[in-house]
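Could you put together the complete structure from these sequences and hints?
The listed protein sequences correspond, in order, to chains X and H. Residue 1 is where the first sequence starts when you use the numbering used here, and the numbers rise one by one after that. Residue 1 is where the second sequence starts when you use the numbering used here, and the numbers rise one by one after that.
What the hints contain is simulated information worked out from the structure, not anything from laboratory work. It should be emphasised that the depicted structure is a prediction, and the values quoted were computed from it without experimental measurement. Quick reminder that beta carbons are idealized off the backbone N, C-alpha and C, glycines included.
Derived EDC-like pairs: lysine to aspartate or glutamate, alpha-carbon spacing no greater than 20 Å straight-line:
id, chain 1, residue 1, chain 2, residue 2
1, H, 193, H, 31
2, H, 208, H, 26
3, H, 74, X, 151
4, X, 29, X, 203
5, X, 29, H, 78
6, H, 193, H, 164
Computed Cβ-Cβ distance ranges for the label pairs, DEER-style:
id, chain 1, residue 1, chain 2, residue 2, range
7, X, 162, H, 125, 32 to 40 Å
8, X, 157, H, 39, 28 to 36 Å
9, X, 92, H, 96, 38 to 46 Å
10, H, 101, X, 232, 57 to 65 Å
11, X, 162, H, 94, 14 to 22 Å
12, H, 172, X, 133, 39 to 47 Å
13, X, 232, H, 94, 45 to 53 Å
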Amino acid sequence: MSPGELYALALALLFAVAAGLVGSFALSKRMLLASDVLSHLALPGLGLALLLHWNPLAGGAATLLLGTLLVWNLEQRTGLAADVAIGVVFAAALALGAVITPREDLLEALFGRFEPLSAASFAAGAIAVAAILVFLYRFRDALVLSLLSPELAASSGVNLGRLELYFLLIFSLTIMVGLRFMGALLASALVILPAATGRRFADSLSRFLVASSVASVLAVAAGFFASRRLFPRLGLGPAIVLVSALLFVASLAAGGRYRMES
Amino acid sequence: MPALLTVRDLAVRFGDRVVLEAVNFELAAGEILAVVGPNGSGKTVLLKALLGLIPSTGKIEWAAGTRAGYVPQKIVPDRGLPLRVREVLEAKARFARLPAAEIGVVCETVGLGPELLEAVAGLLSGGQFQKVLIAFALLGHPNIILFDEPTASLDELSEERIYDLLPRLQTESGMTVILVSHDLSVVFRHATKVLCLSRGITCSGPPKEVLTPATLEALYSAPSKYYVHHEEHRRR
Chain X
1 MSPGELYALA
11 LALLFAVAAG
21 LVGSFALSKR
31 MLLASDVLSH
41 LALPGLGLAL
51 LLHWNPLAGG
61 AATLLLGTLL
71 VWNLEQRTGL
81 AADVAIGVVF
91 AAALALGAVI
101 TPREDLLEAL
111 FGRFEPLSAA
121 SFAAGAIAVA
131 AILVFLYRFR
141 DALVLSLLSP
151 ELAASSGVNL
161 GRLELYFLLI
171 FSLTIMVGLR
181 FMGALLASAL
191 VILPAATGRR
201 FADSLSRFLV
211 ASSVASVLAV
221 AAGFFASRRL
231 FPRLGLGPAI
241 VLVSALLFVA
251 SLAAGGRYRM
261 ES
Chain H
1 MPALLTVRDL
11 AVRFGDRVVL
21 EAVNFELAAG
31 EILAVVGPNG
41 SGKTVLLKAL
51 LGLIPSTGKI
61 EWAAGTRAGY
71 VPQKIVPDRG
81 LPLRVREVLE
91 AKARFARLPA
101 AEIGVVCETV
111 GLGPELLEAV
121 AGLLSGGQFQ
131 KVLIAFALLG
141 HPNIILFDEP
151 TASLDELSEE
161 RIYDLLPRLQ
171 TESGMTVILV
181 SHDLSVVFRH
191 ATKVLCLSRG
201 ITCSGPPKEV
211 LTPATLEALY
221 SAPSKYYVHH
231 EEHRRR
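Right, here's the structure in full:
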């Protein structure tokens, strides 16, 4: 492997850790699907940047950020649940993105592509992952309190509106890191699937976080191996998502000890 | 004694519905205030307004350095949440920058055993979870605690325990208590002061003076002003 490919693989693995952790909290907040859709907000920016020959990642990041703020604003102002707000913004974004993106680039924008990274791009991605980890560590207590009960969290001094905004931003940042090789449609899959798998093996939050991250890293490593060595025609993003799905199915078969209750 | 809490002309409106109006009272340190009134009279809303959880108008003045603990009436934690009781209490302790040993102290106070501490919060029974909520509220040495119907989901045995806890909190740590309760025998036994809330009727004072048969009659059988309000809106 070239150094560029090594950088790309290393960043993919770092992304996997962040995605597993963020996914655990998103699942606990019952906003997995909502946050899935959030990632599609990157598409219009991605498409516009490709059309104008700008950096596609910067374009995707810009609309993702814009969409995130819009979703948060809708949620705070109208009191709608996060999923309703995201649903409204998402449908428009995906359609707009599909219209804008040049046809020959659409597949890549949606499903990602594995490509070597420069040292600078790797460093930028690694800093983003570090920021995600620092945020989760710093706000883990506020997140736990708000998971138990928003009212109790507020009475303990947690600023719920701000926490919600930060979490959405951190979620978007996670998507941004994965956007290049997973694409706008699949980037959030690695937030969702490993968390669903990890939940099957967890009866405490700390175990949940570890299990989700492990499932996520496994999926990226195995997906990388599968797309490079076994099935060269399989793209990296789809390979990772397929492995994640298989892991989840395996967790069902293994009869994960802790039942999901709702 | 200087007032720990002064409330003047407190009002809460949800849209154009008036939930609380012209509430006035003072509370000195160490008092046990019972808030009584029929369903829908705004007792829970009053507690939330005092804690700043919902917007209100009027004056709510806490003495400097007041730390409030809150035991809400009914919280049903998400059963799918993989969150242990210990993790919840640890999160609050860390968030409030308390030493971890505090958790042991409050568990002792409310009788929360190690098996409950390691249980998943969403899978506890109502009474067990109420204990957790009380321990949660006591973390951080509050000097006032706001109980919203603390025994709504407890069996009688635990109920006894909670009401044993009230005077103990007061005598041992000088804690001030605001207690929403439907149980008038509890109010007579423990409260040093009563605040009645009922459709515009407000009264406050020692239980024996305030809770006379006549006021109780007025309190619980007065025609609902707000209901009438609502009807008028509809007719328009």
